[in-house]
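Now for the letters of each chain:
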Amino acid sequence: METENQISRADIDAIIAPFRGRKGILIPLLQKMQERFGYVPRESIEPIAEAAGVFPVEVYGILTFYAQFYLEPRGRHTIRVCQGTACYIMGGKDILDHVCGKLGVQVEETTKDNRFTIERVACLGCCGMAPVVMIDNDFYGRCTVQKMDEVMENYK
Amino acid sequence: MTATHPQNKILICVGTSGVAAGAEKVADAFEHELSHRGLRHDWDIVRTGDRGLFRDVLVDIITPRHGRVVYEYIKPGDVKQLVEEHIVKGEPVASLRAGQDYEDFFKGQMRIVLAHCGEIDPEKITDYLAAGGYTALPKALAQPYAHVIEEVHKSGLRGRGGAGFSTGQKWRFCRDAAGDQKYVICNADEGDPGAFMDRSLLEGDPHAVLEGMIIAGYAIGAQEGIIYCRAEYPLAIKRLTIAIEQARKKGFLGHKILGSEFSFDINIMQGAGAFVCGEETALIASVEGKRGVPRVKPPFPAHKGVWGKPTLINNVETFGNIPAIINKGAEWFSSIGTAGSKGTKVFALAGKVRNTGLVEVPMGTTIRQLIFGPGGGMIKKKVGLKGVQLGGPSGGCLPESLVDTPIDFESITKTGAIMGSGGIIIMDKTTCMVDVARYFLSFTVEESCGQCTPCRVGLKRMLEVLEEITAGRGTQEHITFLKEMGETIKNTALCGLGNTAPNPAITTLRYFPEEYEAHVKDRECPAHVCTELLHFEVIQDACVKCGACFKVCPVDAITWKKGTTATIDRAKCTKCKSCYNACNFMAIR
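Chains as they are written, first to last, in numbering that gives the first Met the number 0: chain C, 0 to 155; chain X, 0 to 588.
Check the hints yourself; a few may be wrong.
Straight line, CA to CA, 25 Å or less: simulated DSS-like cross-link-like pairs of lysine-lysine [as the list claims (entries may be wrong)]:
1) X:Lys88 x C:Lys92
2) X:Lys308 x X:Lys327
3) X:Lys560 x X:Lys550
4) X:Lys88 x X:Lys24
5) C:Lys146 x X:Lys88
6) X:Lys571 x C:Lys101
7) C:Lys101 x X:Lys576
8) X:Lys560 x C:Lys146
It should be emphasised that the hints constitute simulated quantities derived from the structure, not laboratory data.
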């Protein structure tokens with residue numbers, strides 16, 4: 000797990016520098032920050048607010064409004080179970096329930112051993128292969144409960 | 000690549016769906032196999048976007064001798080055989096060829112927007128140029144801007160993002176709005192579950208969208224274009240980035256385009272995961288770096304948009320239509336479709352039909368024609384069609400009796416559903432309509448921005464009631480409440496998301512009242528979906544003692560031995576439905 004003290008102020012400033020003096024930078028800047036650390040570290044929020052000319056509370060406002068931003072470190076692997084209409088109809092909910100039950104966590108939670116974070120996603124746009132699960136960047140189509148059990152074994 | 004264009008081509012669909020099915024590996028296998036045999040220079044390997052039909056990996060081999068031969072479900076392991084027999088010996092491999100379904104899927108389609116998807120390499124501007132791309136742009140630039148707007152207006156094109164507003168009129172408002180700085184925004188925040196036409200178009204033919212945007216920029220007098228794209232579409236963003244760079248190099252974007260006085264550039268902005276940002280005023284807030292919450296209209300974005308400047312916002316598919324309209328003329332375009340809805344529409348066909356994928360048909364095609372034409376009919380003929388869901392979470396569910404409705408803006412609105420962005424989900428008798436309503440409400444509750452009370456509180460109350468009903472605790476009052484609350488939210492919410500969010504509940508109540516009755520009165524889910532209302536058991540008479548259920552049960556709740564009927568231990572059963580789905584004899588209920 001990335002510990003907080005590994006995050007240096009110099010790193011943060013280097014990410015912010017190219018954005019200074021431009022307008023509408025908040026979202027792209029937070030995306031860059033997250034790309035670098037895997038989440039948006041708390042110590043980056045004040046410098047970001049200062050660069051964007053807003054109060055830190057407004058940065059938190061953005062972070063909590065958009066689903067894509069995380070304020071906490073994540074598990075080593077992210078399981079995204081598609082709950083788009085096609086996947087839902089084809090049994091996507093059963094898959095989600097099974098994965099959550101098996102790992103003993105709720106959606107949006109990370110397992111205690113930091114192995115998996117579970118997410119629900121509205122549509123991965125592969126409706127023809129429903130139900131679809133994405134683990135990290137790999138897609139798995141026509142999933143069944145049994146297939147999930149097998150596939151998850153490949154992610155340690 | 001050799002200077003002369005080889006006549007021999009291999010097309011491989013590598014859109015998101017293709018990649019998910021392993022298309023990159025298949026393409027690499029062709030590269031390797033052909034190089035290995037010293038044939039690489041005679042063949043052009045084209046990595047195209049998705050063509051629209053999902054058959055895992057689709058591969059076309061085109062030769063002067065055999066023309067185009069389409070193969071489906073190709074795995075890297077098949078490549079050697081294809082090269083050996085088709086390419087070296089000149090004998091197509093019959094066992095791997097795409098079947099009748101493939102032909103049926105494309106028969107009856109009219110491809111204007113998707114014309115190049117699955118045909119050209121989206122990462123090569125030369126492919127787009129060779130296919131007649133960027134010919135509409137100089138044509139438009141040679142005319143006064145007013146002619147361009149008039150042409151789009153006369154074509155009858157209406158916005159493809161859902162609301163169906165006249166595109167020409169929108170352009171005119173924007174042109175007439177006072178202001179020296181104007182913006183063109185392409186709305187690619189395609190968030191509707193079950194809709195992926197924008198993604199496929201951006202991945203398969205990004206230059207067509209750019210060309211449409213540049214023409215729009217010229218028509219309204221804008222200097223800057225922004226593509227607001229969902230971050231969940233990494234491949235689309237990658238291909239757009241490449242396309243913009245190429246267009247700049249060729250002088251289609253940038254300072255004084257093609258020697259004219261018109262300068263225009265396009266940038267991409269990635270969304271951050273908020274469904275409501277598809278609403279245009281929320282999208283504008285998000286572009287400005289704020290929380291994506293909608294505001295009251297007017298003022299409309301055409302007058303006050305990004306940074307308070309006049310802004311034109313059109314959907315991806317709308318822009319995709321523009322080059323063809325400029326090239327072939329308004330008259331040609333308006334000859335397609337119905338009196339009020341011109342041109343074609345791309346639909347994302349999904350759910351329980353044999354062929355799922357993107358279908359482009361003239362407006363006015365009926366839902367039935369879609370299902371039994373390109374769709375190839377139901378997956379399980381025995382189970383039968385129950386209804387269709389149109390227009391995503393803001394849309395509605397229509398019963399079988401209405402599937403002969405022609406798909407155009409007016410006819411669909413009359414039924415209580417909406418055209419939306421074009422997602423069509425086909426449902427059979429194993430789909431519970433109450434659960435579908437609950438599902439869509441849970442989506443909109445999650446995605447409500449929380450700004451106005453009807454949407455924030457009203458939808459939540461509706462969802463809670465639907466949860467009660469699907470859990471077997473429903474009452475008659477609940478049904479009355481849903482109807483009243485639905486109408487109230489429809490009339491009072493601030494933006495399009497709230498106004499339409501009750502539609503799934505309202506339409507299922509209207510067209511499938513008997514299912515609500517069954518849940519409330521009989522405490523039964525006729526489609527066997529609502530798990531709280533289910534208790535799994537083996538039907539003794541129907542069981543053939545095959546043990547299929549025993550093998551799939553993930554929690555060992557089923558006991559079975561060869562030659563005996565299986566039994567289910569309800570204490571252990573987690574109602575995952577694996578056994579129900581595995582049984583081929585309907586012996587589990």
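For the pair supplied as a hint, X:Lys308 and X:Lys327, is the alpha-carbon distance within the 25 Å limit? violated, 32 Å
Can you confirm whether the C-alpha distance between X:Lys560 and C:Lys146 stays at or below 25 Å? holds, 24 Å
Holds or violated: X:Lys88 and C:Lys92, Cα atoms, limit 25 Å. violated, 49 Å
Satisfaction of hint between X:Lys576 and C:Lys101, Cα-Cα up to 25 Å: This hinted pair holds, its Cα atoms lying about 16 Å apart.
Run the distance test for X:Lys571 versus C:Lys101: straight-line Cα separation, threshold 25 Å. holds, 14 Å
Holds or violated: are the alpha carbons of X:Lys560 and X:Lys550 at most 25 Å from each other? holds, 11 Å
Given the hint that C:Lys146 pairs with X:Lys88, test it: the Cα-Cα distance must not exceed 25 Å. violated, 39 Å
Need the status of pair X:Lys88, X:Lys24: alpha-carbon distance at most 25 Å? OK: X:Lys88 and X:Lys24 at ~24 Å, within 25 Å.
Hint violations for this structure: numbers 1, 2, 5, all remaining hints satisfied.
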